[in-house]
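Undergrad: Using the hints provided, position chain B relative to the given structure of chain A.
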Amino acid sequence: MTSDSEMKNNWDKILDECIDRINRGESVEGCLTDYPEYREELRPLLSAMLETKTAYPFEPSARVKSFHRQRFTTALVASRERRARKRPVFTWILGWSKVWAPVAAVIVIAIVGYFGLRPALMTPVMIAQHSPEGNFVFLVSDEVNAISDFQELNLSISKVSLHLGGDEEKRIEFEPGVQMVDLSDLQGNRAQEIWRGDVPEGEYIKVFLEVSRVTGILLESGEEIEIKLPSGKLQISKPFMVESGEVTNFVYDLTVVKAGKSGQYILKPQIGQSGADQDFIKVEPEVQPENKGKSKGKPQNPGKSEEQSEEFDGIITAITDGAYNASPWTMTLEGVEGDVTVYAAELEGTPSPGAKVKVEGVLIDNTIEGAKAEIEGEE
Amino acid sequence: MGAEEKKEVDEQREKENRLASLYDEYFDKIARYIYARIGDKNEAEDLAGEVFLKALESLKSYKERGIPMQAWLYRIAHNLVVDHLRKVTKLKTVPIDTVQIESGEDPVATAEKHIEMERVNEAMQKLTPEQREVVRLRFFGGLSSKEVGAMLSKSDGAVREMQRAAIEKLRGLLTSEC
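So the protein sequences, as listed, match chains A and B.
To convert, take the position in the first sequence, counting from 1, and add 1165; that gives the working numbering.
To convert, take the position in the second sequence, counting from 1, and add 30; that gives the working numbering.
No wet-lab data here; the hints were simulated from the structure.
It is possible that part of the hints are untrue.
[What the hints assert, rightly or not] Each computed PhoX-like pair below joins lysine-lysine, with the alpha-carbon atoms no more than 20 angstroms apart: (1) K143/B / K1178/A; (2) K1537/A / K1521/A; (3) K156/B / K1218/A; (4) K90/B / K37/B; (5) K36/B / K84/B; (6) K1403/A / K1433/A; (7) K1371/A / K1324/A; (8) K1447/A / K1335/A; (9) K1218/A / K1173/A; (10) K93/B / K184/B; (11) K1178/A / K199/B; (12) K1173/A / K176/B; (13) K93/B / K176/B; (14) K1423/A / K1324/A; (15) K84/B / K1218/A; (16) K1403/A / K1393/A; (17) K1230/A / K37/B; (18) K93/B / K1178/A; (19) K1403/A / K1423/A; (20) K1324/A / K1218/A; (21) K1433/A / K1371/A; (22) K156/B / K199/B; (23) K1371/A / K1335/A; (24) K1335/A / K1393/A; (25) K1173/A / K199/B; (26) K1218/A / K143/B; (27) K1173/A / K184/B; (28) K1324/A / K1335/A; (29) K1230/A / K1433/A; (30) K1230/A / K1324/A.
Next comes chain A alone, as it looks inside the complex:
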């Protein structure tokens, strides 16, 4: 036998379920059909609910939402950076426990003694922000050696680290806006800007260039070859200053040499031609000084190379660097096999998996960098 309170409870649950369904976008009729025995009692209540709900029609603006999301993301990144500055990895190693701390310290000292101190692990890191008016310009150039053997020589740069010396040793990192450059266009004192932004003032003692890949096309045979790197990180120890009210132009010079015995090509930094005191002729990404009938390094600002830029429609498959990041993401593109990675330089809307997106940029090896992207909505 069902008591009055049980009946009431059951009735409340049905009403509650119908409200949930209406909140999800279902119609009142849909719920009434599923509960024909309660139809007469449910209808007026659900109508009152719907009347109340629709009396306040409000669809927040996508532009404002995106603006606030940007503020939120900036605050999130800043909070993580503050935490990272407070807690370098070193403090974890020594901070496991009072018992383990001396052991860990001995191990660390032994490793440091054996392999040498690795400042990259010990130094607090700060991510520098890109800014077109920034106080620091980073350029890449090429000292003429074996470069004349190449029709093109493409260098993919993933990260640049600057080591700030002095009492507060710090590592300043940034991802270049232009991640691929063709060194064959940058011979002699020709240099291409790959990043401009703000870095702290002070004396810098080292510059690291993280290179993910170097490939070249030989002039004679047209063969594409992989160029050897002495290390994934190319280091230059050449101190320079970033001073108040001044813009520092740092030229990182690289050169490709042919090894005598093996005949292999090797890329290495050229310290003599690098530094903040070098004269250079700035090469803009869209400028093609010699028509070699080839495509130049990936232009990061599609607006600067309209002739190569294309429009693509697709659907985002995954945000590759955490849900809160705007890019990169991977997406499917009509007519392209496999997923394409997109780095957005200009973004309208909030990317999320399943969202339809219109991308404008240059597609090279399933990557579009510096894209203009417009999120159109969930698929």
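TA: Here is chain B on its own, set in the frame of chain A:
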């Protein structure tokens, strides 16, 4: 201490990721909930943005075993609304002449919409404060009864009961005013 600290950092990062993942789904709902309370669309959008920033600031104090994170966001939204209403007490109800008129809208349809809004608003004022909050959180905020219960420290059964009583009252008021 070190291991504990690392655990804390990991937990904080996990909470940040969860908060970020709630943004897309809950920004609009929170903005609607706020709009139903203050009647100003621009202000509602800005306060919804503030909710997420406040949540980020106070994330360390948020405990997973307490209320669900989305319900916690509404608690922050409620507090921001209370602060806002203190500043602009005249907007406690939504008088017809203060409601925004959107450009390009038919003025007759706009006037009718405002009359309907005012009518519902008057009916809402006759509910108890708790019933009103349940209606706002359920209808505009899109929270489940369980989440509303967690936020108001009530059982979900009690929330359902308050909800039914509120709708019955609204129905009576809205029908009698026709």
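Undergrad: Does each hint fit the structure? Answer for all of them.
TA: Right, here's what the structure says about each hint:
1. K143/B / K1178/A: violated (32 angstroms)
2. K1537/A / K1521/A: holds (14 angstroms)
3. K156/B / K1218/A: holds (16 angstroms)
4. K90/B / K37/B: Distance of about 13 angstroms is within 20 angstroms: holds.
5. K36/B / K84/B: Measuring from Cα to Cα gives roughly 24 angstroms; hence the hint is violated.
6. K1403/A / K1433/A: Within the cut-off at roughly 15 angstroms; holds.
7. K1371/A / K1324/A: holds (14 angstroms)
8. K1447/A / K1335/A: violated (29 angstroms)
9. K1218/A / K1173/A: Outside the cut-off at roughly 24 angstroms; violated.
10. K93/B / K184/B: holds (18 angstroms)
11. K1178/A / K199/B: Since the Cα atoms of K1178/A and K199/B sit roughly 18 angstroms apart, the hinted pair holds (cutoff 20 angstroms).
12. K1173/A / K176/B: holds (18 angstroms)
13. K93/B / K176/B: Roughly 17 angstroms between the alpha carbons, so the hint for K93/B and K176/B holds.
14. K1423/A / K1324/A: Given pair K1423/A, K1324/A is violated - Cα atoms ~26 angstroms apart, limit 20 angstroms.
15. K84/B / K1218/A: This hinted pair is violated, its Cα atoms lying about 27 angstroms apart.
16. K1403/A / K1393/A: violated (23 angstroms)
17. K1230/A / K37/B: violated (33 angstroms)
18. K93/B / K1178/A: Violated, at about 29 angstroms.
19. K1403/A / K1423/A: violated (25 angstroms)
20. K1324/A / K1218/A: Violated, at about 51 angstroms.
21. K1433/A / K1371/A: Status holds; Cα separation ~15 angstroms.
22. K156/B / K199/B: holds (8 angstroms)
23. K1371/A / K1335/A: Roughly 11 angstroms separates the two Cα atoms, so the pair holds.
24. K1335/A / K1393/A: Status violated; Cα separation ~30 angstroms.
25. K1173/A / K199/B: It holds: about 17 angstroms lies between the C-alpha atoms, which stays within 20 angstroms.
26. K1218/A / K143/B: holds (13 angstroms)
27. K1173/A / K184/B: holds (18 angstroms)
28. K1324/A / K1335/A: This hinted pair holds, its Cα atoms lying about 16 angstroms apart.
29. K1230/A / K1433/A: violated (47 angstroms)
30. K1230/A / K1324/A: violated (31 angstroms)
Figure legend: structure checked against the earlier numbered hints; hints not met, in rising order: 1, 5, 8, 9, 14, 15, 16, 17, 18, 19, 20, 24, 29 and 30.
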